[in-house]
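Colleague: Required output: the full structure, derived from the provided sequences and hints.
One letter stands for each residue in the lines below.
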Amino acid sequence: MGEKALSLRERLAWGALGLMLFLGLWTFLSTSGIVPSQFLPTPLEVLNRIIRLMTDPFAGATLPQHLASSFQRYALGVLLAAAIGVPLGLLMGWFRLLDNIITPIFDGLRFIAPIAWVPFAALWFGTGIGGPVMIIFAGAFPPCLINAYRGARFVEPRLIEAARMLGTGNARMILEILLPDATPSIVAGLRVSAGLGWQSLVGAELIVAAAGVGFMMVQAQANVATPTVIAGMLAIGAVGMLIDVLLRQGEGWLRRRRGLEA
Amino acid sequence: MGSIRFDKVDKVFGPNTGGVKVLDNINLEIGEREFVAIVGPSGCGKTTCLRMAAGFEAPSAGLVSVSGRPVTAPGPDRAVVFQQFALFPWKTVRQNIELGLRNKKLPTGERADLVAGALKLMNLEGHAEAFPHQLSGGMQQRVAIARAYVLDPEVLLMDEPFGALDAQTRVVMQEELVRLARVNPRTVLFITHAVEEAVYLADRVAVMTRRPCRIKEVLDIRKIRQAENWDKHARIEDVMDLESFVHLRTQIWKSLREEKVANVV
Chain G
1 MGEKALSLRE
11 RLAWGALGLM
21 LFLGLWTFLS
31 TSGIVPSQFL
41 PTPLEVLNRI
51 IRLMTDPFAG
61 ATLPQHLASS
71 FQRYALGVLL
81 AAAIGVPLGL
91 LMGWFRLLDN
101 IITPIFDGLR
111 FIAPIAWVPF
121 AALWFGTGIG
131 GPVMIIFAGA
141 FPPCLINAYR
151 GARFVEPRLI
161 EAARMLGTGN
171 ARMILEILLP
181 DATPSIVAGL
191 RVSAGLGWQS
201 LVGAELIVAA
211 AGVGFMMVQA
221 QANVATPTVI
231 AGMLAIGAVG
241 MLIDVLLRQG
251 EGWLRRRRGL
261 EA
Chain F
1 MGSIRFDKVD
11 KVFGPNTGGV
21 KVLDNINLEI
31 GEREFVAIVG
41 PSGCGKTTCL
51 RMAAGFEAPS
61 AGLVSVSGRP
71 VTAPGPDRAV
81 VFQQFALFPW
91 KTVRQNIELG
101 LRNKKLPTGE
111 RADLVAGALK
121 LMNLEGHAEA
131 FPHQLSGGMQ
141 QRVAIARAYV
151 LDPEVLLMDE
161 PFGALDAQTR
171 VVMQEELVRL
181 ARVNPRTVLF
191 ITHAVEEAVY
201 LADRVAVMTR
211 RPCRIKEVLD
221 IRKIRQAENW
231 DKHARIEDVM
241 DLESFVHLRT
251 QIWKSLREEK
261 VANVV
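Going line by line, the protein sequences match chains G and F. First residue of the first sequence: 1, per this note's numbering; consecutive thereafter. First residue of the second sequence: 1, per this note's numbering; consecutive thereafter.
It is worth saying that the hints were derived from the structure and are not from the lab. There's no promise every hint is true.
Stated by the list, open to error - Computed Cβ-Cβ distance ranges for the label pairs, DEER-style:
(1) G/LEU98 <-> F/ALA164: 34 to 42 Å
(2) F/THR108 <-> G/ILE101: 34 to 42 Å
(3) G/ILE101 <-> F/LEU106: 30 to 38 Å
(4) G/ASN170 <-> F/VAL183: 30 to 38 Å
(5) G/ALA75 <-> F/GLU129: 31 to 39 Å
(6) G/ILE101 <-> F/ASN123: 29 to 37 Å
(7) F/LYS254 <-> G/ARG256: 50 to 58 Å
(8) F/PRO89 <-> G/ALA75: 25 to 33 Å
(9) G/VAL245 <-> F/PHE13: 46 to 54 Å
(10) G/GLN65 <-> F/GLU129: 45 to 53 Å
(11) G/GLN249 <-> F/HIS233: 31 to 39 Å
(12) G/ILE101 <-> F/ARG179: 51 to 59 Å
(13) G/ARG110 <-> F/GLN134: 35 to 43 Å
(14) G/GLN219 <-> F/GLN134: 53 to 61 Å
Said to hold, decoys possible - Some chain F residues well away from chain G (every beta-carbon gap over 12 Å; in silico):
(15) LEU63
(16) GLU110
(17) ARG147
(18) GLN168
(19) GLU175
(20) PRO185
(21) LEU219
(22) LYS232
(23) MET240
(24) SER255
Every residue gets a Cβ at the ideal spot worked out from N, C-alpha and C, and that includes glycine.
Modeller: Right, dumping it as structure tokens:
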């Protein structure tokens, strides 16, 4: 059991079955009165709500506008995390001293959930774009750094010896030996970062933001507009899935280009 | 052109945890443009000798020097050819060969000429833009040898360079190396466990014993090679058929074998 690979059609069929069971249970719970209907709207109500939110603003903007606003913060936070985390990880992987200085601090800080930074994010960077960006950064930074660091540390020792024998200096060693060898690990880290960043984004917006999907959901909660809350949840899930699929494609392309098995 | 000198060299692995002495009082001198092979059983520390000459490891006692200077770190004056090629998979053949020249900060034109020369020398023309994974093992090792030769190093350090190749490719590469040695003689330290390879390639063969490893004897092949005119034979199998070759090979085999028996008893 479970060894035979399923065809695409079979996988789609089983996936559709799972979705139908989920929707069926949801409809049953919301229509049977087990859960009061204002606490759990039916799938149909949510669908209607999503269609309405496409054009009618809620909490100052339509759903696509909220998403765009969220995505902007998200992209900024993740890019910042990659731009700092990847080079720092590579440097730590090459310079033992830097590793010894930074790793103890980092090992402590990385276990602090991104949401725990909310008070300081708001104080230091405000509730506009800066605060949420910092919280996303806090979520996306550790995987960027850790994967770049591990990738650099686990470069085939023979390759480093070969490069040293050829007289390669530190800068070129990092850029032309460690970075390319660590790329698969870095890309895997970016995928994790992208996911964690997106999760932290919504958490951040629940508290510090004046727009965005998270903000929309908080406003909806205050008005007991449960269909809007679920619409926000679904939008977050869908966009998160889309980001992951796209990055997976990118990762596969990169591996094929390297002559590695995808 | 450089020389290599091992002077009363000891190597102990893990000196803080009891320690295993892998090399015991190694004395060996390799002169300018001399090709010396070290043969010995696996795990006898012959590769460690090469790694100390390369600067990857430091001796626990004694001194390793190249051209009179003590070895402290790896550098392009001591080019290494590794058993597992150690080519950079993300660089093309040309980029692999060129890296050492870029590190030497040679101008682009000069680099291109040198790379073209190295490609020609190793019969790699037409493969310059290929990536290592697109080449056979033999071709990959040609790239690694080209990468070492192009540096114009003082000494060449070859660590079982043909150990990962199939028998047929191996023979071709051995002949190739003899051809290279004639065109462009180098100071070479060559590590192998294949006795025939050592006798065929080297000017002198150092026989190494098992742990703690010492150099048991050093045989000079040159006189016999010249007297019997091995070089007139283009093919390795013709040389290997010669009585003088067989005699030397047997002598080294016996030397290695006595060693093994002595250890068992």
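Colleague: If a hint holds in the structure, say so; if it doesn't, say that too.
Modeller: Status of each hint after checking the structure:
A hinted range of 34 to 42 Å for the beta carbons of G/LEU98 and F/ALA164 is consistent with their spacing of about 36 Å. The beta-carbon spacing between F/THR108 and G/ILE101, approximately 39 Å, falls within the hinted interval of 34 to 42 Å. Our hint of 30 to 38 Å for G/ILE101 and F/LEU106 holds, since their Cβ atoms are close to 37 Å apart. For G/ASN170 paired with F/VAL183, a C-beta distance near 36 Å keeps the hint of 30 to 38 Å intact.
Distance hint check for G/ALA75 and F/GLU129: the Cβ-Cβ separation is about 36 Å, which falls inside the suggested range of 31 to 39 Å. Separated by about 50 Å at the C-beta atoms, G/ILE101 and F/ASN123 break the suggested range of 29 to 37 Å. A hinted range of 50 to 58 Å for the beta carbons of F/LYS254 and G/ARG256 is consistent with their spacing of about 54 Å. Checked against the hint of 25 to 33 Å, the pair F/PRO89 and G/ALA75 passes, with Cβ atoms roughly 32 Å apart.
Between G/VAL245 and F/PHE13 the C-beta distance comes to about 50 Å, which sits within the given range of 46 to 54 Å. Taken as a hint, the range 45 to 53 Å holds for the pair G/GLN65 and F/GLU129, whose Cβ atoms sit roughly 49 Å apart. Taking 31 to 39 Å as the suggested C-beta distance range, the pair G/GLN249 and F/HIS233 does not conform, at roughly 58 Å. The beta-carbon spacing between G/ILE101 and F/ARG179, approximately 53 Å, falls within the hinted interval of 51 to 59 Å.
In this structure the hint that G/ARG110 and F/GLN134 lie 35 to 43 Å apart at CB holds, the actual value being about 41 Å. Checked against the hint of 53 to 61 Å, the pair G/GLN219 and F/GLN134 passes, with Cβ atoms roughly 58 Å apart. Taking the minimum C-beta to C-beta distance to chain G, about 20 Å, the non-interface status of F/LEU63 holds against the 12 Å cut. In this structure F/GLU110 is separated from chain G by more than 12 Å, as the shortest Cβ-Cβ distance comes to about 16 Å.
Here F/ARG147 does not stay apart from chain G, with its beta-carbon only about 7 Å from theirs, under the 12 Å limit. The claim that F/GLN168 is not at the interface with chain G holds, since no C-beta of that chain comes within 12 Å of its own (minimum 25 Å). For F/GLU175, the shortest C-beta to C-beta distance to chain G comes to about 25 Å, beyond the 12 Å cut-off, and the non-interface label holds. Even its closest Cβ contact with chain G, about 21 Å, leaves F/PRO185 beyond 12 Å, as expected for a residue assigned away from the interface.
Consistency note on F/LEU219: stated as away from chain G, and its beta-carbon is indeed over 12 Å from all of that chain's, at 29 Å minimum. With a closest Cβ-Cβ approach of about 36 Å to chain G, F/LYS232 is found to remain outside the 12 Å limit, as its non-interface label requires. Remark: the non-interface label on F/MET240 is consistent with the geometry, its nearest Cβ contact in chain G lying 31 Å away (cut-off 12 Å). With a least beta-carbon separation of about 31 Å from chain G, F/SER255 lies farther than 12 Å from that chain, consistent with its non-interface assignment.
Figure legend: structure checked against the earlier numbered hints; hints not met, in rising order: 6, 11, 17.
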